[in-house]
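Trainee: Could you slot chain C onto chain X? The hints should help.
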Amino acid sequence: MSLIRHVTAPLIDQNPVTLQILGICSALAVTTSLATALTMSIALTVVLVASATVISLIRHHIPSAIRLIVQITIIASMVIVIDEVLQAYAFAISQRLSIFVGLIVTNCLVLGRAEAFAMRNPVLPSALDGLGNGLGYSLILLIVGTIREFFGAGTLFGQAVVTTVADGGWFQPLGLMQLAPSAFFIIGLLVWAIRSLRPDQIETPEYTLQQQEARR
Amino acid sequence: MSEPQNFWQRFLARPNDDRAKTIGIAVIVAFVCAVVVATTSVMLKPLQDAHLEAERAARMEAMLDTLPGMRAVMEEAGVTALDVRMVDLAEGWFTDEIEPAGYDAIGAASNPETSIAIPAEADVAGIGRRETHAPVYLLQRDGELMLLVLPMRAAGYQSTITAMLALEPDLRTVAALTVTGHGETPGIGARIADPAFAARWPGKQVADDTGEIVIEVVRAQATGPYEVDAVSGATRSSNAIGSMLTFWLGDLGYGPFLDRLEQEGL
Chain X
1 MSLIRHVTAP LIDQNPVTLQ ILGICSALAV TTSLATALTM SIALTVVLVA SATVISLIRH
61 HIPSAIRLIV QITIIASMVI VIDEVLQAYA FAISQRLSIF VGLIVTNCLV LGRAEAFAMR
121 NPVLPSALDG LGNGLGYSLI LLIVGTIREF FGAGTLFGQA VVTTVADGGW FQPLGLMQLA
181 PSAFFIIGLL VWAIRSLRPD QIETPEYTLQ QQEARR
Chain C
217 MSEPQNFWQR FLARPNDDRA KTIGIAVIVA FVCAVVVATT SVMLKPLQDA HLEAERAARM
277 EAMLDTLPGM RAVMEEAGVT ALDVRMVDLA EGWFTDEIEP AGYDAIGAAS NPETSIAIPA
337 EADVAGIGRR ETHAPVYLLQ RDGELMLLVL PMRAAGYQST ITAMLALEPD LRTVAALTVT
397 GHGETPGIGA RIADPAFAAR WPGKQVADDT GEIVIEVVRA QATGPYEVDA VSGATRSSNA
457 IGSMLTFWLG DLGYGPFLDR LEQEGL
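Protein sequences, first through last, are from chains X and C. This note's numbering applies: residue 1 is where the first sequence begins, and numbers increase by one. This note's numbering applies: residue 217 is where the second sequence begins, and numbers increase by one.
Watch out, some of these pointers could steer you wrong.
[What the hints assert, rightly or not] Derived list of chain X stretches under chain C, where covered just means 3 residues or more per stretch with a C-beta under 8 Å from a C-beta of chain C: (1) 72-81; (2) 86-96.
[As the list claims (entries may be wrong)] Simulated restraints on C-beta separations: (3) C:Gln437 to X:Ala65: 49 to 59 Å; (4) X:Leu68 to C:Gly323: 37 to 47 Å; (5) C:Ala278 to X:Ala65: 46 to 56 Å.
[As the list claims (entries may be wrong)] Some chain X residues well away from chain C (every beta-carbon gap over 10 Å; in silico): (6) Leu28; (7) Ile99; (8) Gly175.
Please keep in mind that the hints were generated in silico from the structure rather than gathered at the bench. We put the CB at the ideal spot given by N, CA and C, even for glycine.
So here's chain X without its partners, still in its complex pose (with noise of 0.2 Å):
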């Protein structure tokens, strides 16, 4: 039973993006609609829990001199794999995420929990930690195209849900939220909720003011 914490840990507790501040740049560059956020989770998922099963497979005889480097080999192989396969199946789609599935190869996520994790265990709880960093990731970025398709455009997956102005309804689109610093807004909101709720997420201080005495 203790394997379903590897799935459960990284949604809320461990979020990736919420408490260790992974992913952030493709979190804002894909998140203006909810179809792309979907589109990007799906494949860093796909690709999390991958390269997770490969490395952990061949854990015990990856030399420690060029870990790094055969790590980064299998990620960056599956990566190309899913960046062909949407750019075949998903081409619209494809060519709206244009780098940023290519770029999933340099997300801090894949290659954190495979050096973190999936080096040091057995393939099936690699496996599952890899889908619960996905889906955890996933989560923040669907939270995140929601919030920001519905307000800059009112629609939900291209699906008008207010009619707005420009249409002859009533609801204002708020521009900023298709730029990518609303993105940095909500995510930072979104930490403070999860971290009120949660305080134990809240880091100590690295130094603290002095409190200086009031001088006469």
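Mentor: Just chain C now, kept in the frame of chain X:
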């Protein structure tokens, strides 16, 4: 039969910091990854090409839509798409030897039998070889040319850029220019495919009164009918478009065809 297995087991049993094992693992991982990537790429290529082809067709349609009144002319002529005819580039005239349907220009250019090598000093577009035949798209009304569309390509900053140039019946005025395919840097060079860049072309003149190809992509403010503003930050990609026109409208490109078309008409 058991020998290679023993060898394999002996190899795996070596300590991980052993030099032979380090190199061996590196080679094996690289080889397996290369095979996986190459297999996927080759297997999915036909599907991806079909998407690219569909996008090219859609861009052609979109280009026709941007031309004022072109749809009305087509409706009047009773056609829904442009005529495709093959042109023998050396001869400069139409030919029926090759079927335009399914013609692969880039494939033909890599085959010595269906292409010519371009002398280095004339190869401003950087494409190396040029196919002997090219498809052209035309729209005619009562035997009179209304629009001529020429496919072309050039080496860009990091990829081959393919484009379509639509010319007015005078064969000098640009009706539209649209980039149909490229692999330039997303967000930078890729902006040559944006409608904003395409919008700078209509009305420009490719040749001066003597018939010389003078159109140019310039970095500063474009002045006059022979200059077009480059995409800022994407000088190399923009310049490639200029060189593409210089080459493809020149003597080694569609030049002879355009000359003859101008003199003889359709």
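Trainee: Confirm or reject each hint.
Mentor: Hint-by-hint comparison with the structure:
1. 72-81: Three-residue rule met by the region 72-81 of chain X, so holds; n is 6.
2. 86-96: holds (count 4)
3. C:Gln437 to X:Ala65: 49 to 59 Å: holds, 57 Å
4. X:Leu68 to C:Gly323: 37 to 47 Å: holds, 41 Å
5. C:Ala278 to X:Ala65: 46 to 56 Å: holds, 54 Å
6. Leu28: holds, 14 Å
7. Ile99: Violated, since 5 Å does not exceed 10 Å.
8. Gly175: holds, 19 Å
Consistency with the previously given hints fails for number 7 only.
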